[in-house]
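Enquirer: Taken in order, these protein sequences are the chains called Y and A. Here this note's numbering is used: the first residue of the first sequence is 3, the next is one more, and so on. Here this note's numbering is used: the first residue of the second sequence is 3, the next is one more, and so on.
Honestly, the hints are just simulated from the structure, not real lab data. Possibly wrong hints are sitting among the right ones.
[Stated by the list, open to error] Sample of chain Y residues facing chain A (criterion: CB under 7 Å; computed from the structure):
| id | residue |
| --- | --- |
| 1 | Pro35 |
| 2 | Leu36 |
| 3 | Gly37 |
| 4 | Ile41 |
| 5 | Phe82 |
| 6 | Pro86 |
| 7 | Gln87 |
| 8 | Pro303 |
| 9 | Asn310 |
| 10 | His337 |
| 11 | Asp338 |
| 12 | Leu380 |
Every residue, glycine too, gets a C-beta built ideally from N, C-alpha and C.
Number of protein chains: 2
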Amino acid sequence: MTQSVQNALPGLSRVGVLGGGQLGRMMAIAGIPLGLKFIFLDPSAEACAGSLGQLLQAEFSDVDAARRLAAMVDVATFDFENVPQETAQALAQIKPLYPPSKALGSCQDRVVEKEILTGLGIRVTPYHTVSSRTDLLDGLDKLGYPAVLKTRRLGYDGKGQAVIRDQEDLERAWQQLGDQELILEAFVKFDAECSLIAVRGTGGETRYWPLTRNVHSEGILALSLAGDFDQALQSQAEGIILRLLDHFDYTGVLTLEFFVLDDELLVNEIAPRVHNSGHWTIDGAQISQFENHMRAITGMPLGGTAANCEALMFNWIGHLPARAQILSIPGVHWHDYGKAARPGRKIGHATLTAESRQELAVNARRLAAAAGGMFPCLLNTIPGMNA
Amino acid sequence: MTQSVQNALPGLSRVGVLGGGQLGRMMAIAGIPLGLKFIFLDPSAEACAGSLGQLLQAEFSDVDAARRLAAMVDVATFDFENVPQETAQALAQIKPLYPPSKALGSCQDRVVEKEILTGLGIRVTPYHTVSSRTDLLDGLDKLGYPAVLKTRRLGYDGKGQAVIRDQEDLERAWQQLGDQELILEAFVKFDAECSLIAVRGTGGETRYWPLTRNVHSEGILALSLAGDFDQALQSQAEGIILRLLDHFDYTGVLTLEFFVLDDELLVNEIAPRVHNSGHWTIDGAQISQFENHMRAITGMPLGGTAANCEALMFNWIGHLPARAQILSIPGVHWHDYGKAARPGRKIGHATLTAESRQELAVNARRLAAAAGGMFPCLLNTIPGMNA
């Protein structure tokens, strides 16, 4: 079989991905059956997506490598939101890059992100920009205690942030983070945390998965429960994300993380990519966030985003629980990212599916008990999931 | 990251697969999230599973290559049922091979297969063993016209067989096939064709997917409709396959193809592997045949085999229809095997899912019309699917 014949097949578009982590890996698992082939750019030779395609080992700051990647593919995307703007723009000058580098860049700075949101009339957590110790004191005067001090750039999974409850915290936080550009955010005593994931195709077709309830532990997502909110909140969330899709002239999957406060949504964060809180869509929705992201960026028609069943995702952080024990619980779908275990590292997840919320709750308690650690306690914080 | 740390993870078992076609490819897509890694042995450098693991390029008759494969993996299976017995046995002497080579060997000879079935009291198509022209004439006397002359070995997808309706067909069939060991089978005027897929774990745990209605075109499977038969027929089929699972001391996925005749099942063929008629389970069942095969052979607990929804599979033979047009129909899941197009070759499939049989029928007619060729006509042969 000659290479030219292979290339003549309609299904063999090559997708370049900046980043080769678990998000890229799950993009490939979803995209390969669509006829796509993958090339990942990642600084690590161990990048876990690498075994599902070709791996171009290079730093994200290596603009030449990004140009080489562009030459090898038909379209590009990213699985890592801290790709430098110069790298993304260099690639985008050669091949289409979705989501657009404008969205990528805007979400890399928490202050710029909040300015865009407020400019669009979207409610955000009250905040204050901090470039000096004086700014920080002014901010605390304005927002009050407690508040959260965060780096404007490069924070994720609770890294680069500190809660300030008193004067002592203030000094510690300033010592820890004071050499960077910062943002001080009010500490929101939310009723719940949730996220909305949307996808838009190159032709403008837009779809939304159901709002997902999220539970964090030490700043890292631990549990996501699909479809746990009413239609009013769903509509509110869709109205908000629609403004952002339009603003960014967006293609691909976009995620918004919200705080729910008295039936109102405050945007906590924008993620211009597939998101950990959407992993349940692989096993619980008609078409997953990964497959629809691939369909969107390659110009294919989008698939349905409705939930097929009840679904609850457990994140495996730092280590994998005993696989055989977890898989003996009915309705468990196992996802091992093929990454080495390391404290605080996301190395896999499991999605529990069930026909009814009651069946879900029963098996969720078994799963939480088998997984151990914080899970039984965290599960109890979700209404209807406690014993 | 050191290799030893990687190997210490519980999820990194290595699976060897004799054959690297679409079945191996779909095993890998299902097995990779379970934490498995794959090595395929295949004579072709273009084997379409190769991009999802390591490819050991060797002939299936190369016993040394099979031994090398065995040394590289923890457990082995096959995606191709014509692997020579010597190869399978050589591998099985070094590492566990599932399904057992005994089952593999028995299913490679249509006469041996039928002798095992009748020995277990299972109804089969009436047949006559043919080693000479005299045998053929005796067989036609016994079974009458029409009858089907088949090679005992190496036939698949309608290859190596000829229908004999009259004296003229007889001469043509003998000229075409007479230099091989043959079997003459009565031509069964069945009411329907269906298949049952079962899976058994190393500990004996056994599960069954719902009976699937199959429609063939020119000897090749064209359509599979999930769960299209009543509980009585399902129980009858499960009783039959259970005798075979026990007989072979089976581990893994086993498929039986049946003719339905006056509410009775006749076994047409045994396939000791995942099967084309079970591809709908990827998108329509709780756990797919591919994932449960992987769970079974690696000793993991099995997952649920119930259908989540209505599901109908369309096989893409020889060429892929226009992907964008097909994907614009609601509920379509696309599976491109990454193989070069060639007449008569299975190069992909699509599974249509729906909430109700009525919705399925409506979208199935759209899909059949978009796919063209024989599909509209074949779809019309399924009760409830015609316009």
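Enquirer: So, for every hint listed, does it hold in this structure?
Expert: Hints, one by one, checked against the model:
Residue-level restraint check for Pro35 of chain Y holds (minimum Cβ-Cβ distance to chain A is 5 Å; threshold 7 Å). Because the closest C-beta pair between Leu36 of chain Y and chain A is about 6 Å apart, less than 7 Å, the hint holds. Checking Gly37 of chain Y against chain A by beta carbon gives a least distance of about 3 Å; that is within 7 Å, so the hint holds. Of the supplied interface hints, the one on Ile41 of chain Y is violated, with its beta-carbon coming no nearer than about 12 Å to a beta-carbon of chain A, more than 7 Å.
For the restraint placing Phe82 of chain Y at the interface with chain A, the shortest Cβ-Cβ distance is roughly 18 Å, beyond the 7 Å limit, so the hint is violated. Proximity of Pro86 of chain Y to chain A is violated relative to the hint, the smallest CB-CB distance being about 24 Å (cut-off 7 Å). With a cut of 7 Å, the hint placing Gln87 of chain Y at the interface with chain A is violated, because the nearest CB-to-CB distance is about 29 Å. A cut of 7 Å between beta carbons decides the hint on Pro303 of chain Y: the least distance to chain A is about 4 Å, and the hint holds.
Hint status for Asn310 of chain Y: holds, given a least beta-carbon distance of 6 Å to chain A, under 7 Å. Against a cut-off of 7 Å between C-beta atoms, the interface hint on His337 of chain Y holds, since the closest Cβ of chain A lies about 5 Å away. Restraint check, Asp338 of chain Y versus chain A: the minimum CB separation of about 3 Å is within 7 Å; hint holds. Taking 7 Å as the C-beta cut-off, the interface hint given for Leu380 of chain Y is violated, the closest approach to chain A being about 23 Å.
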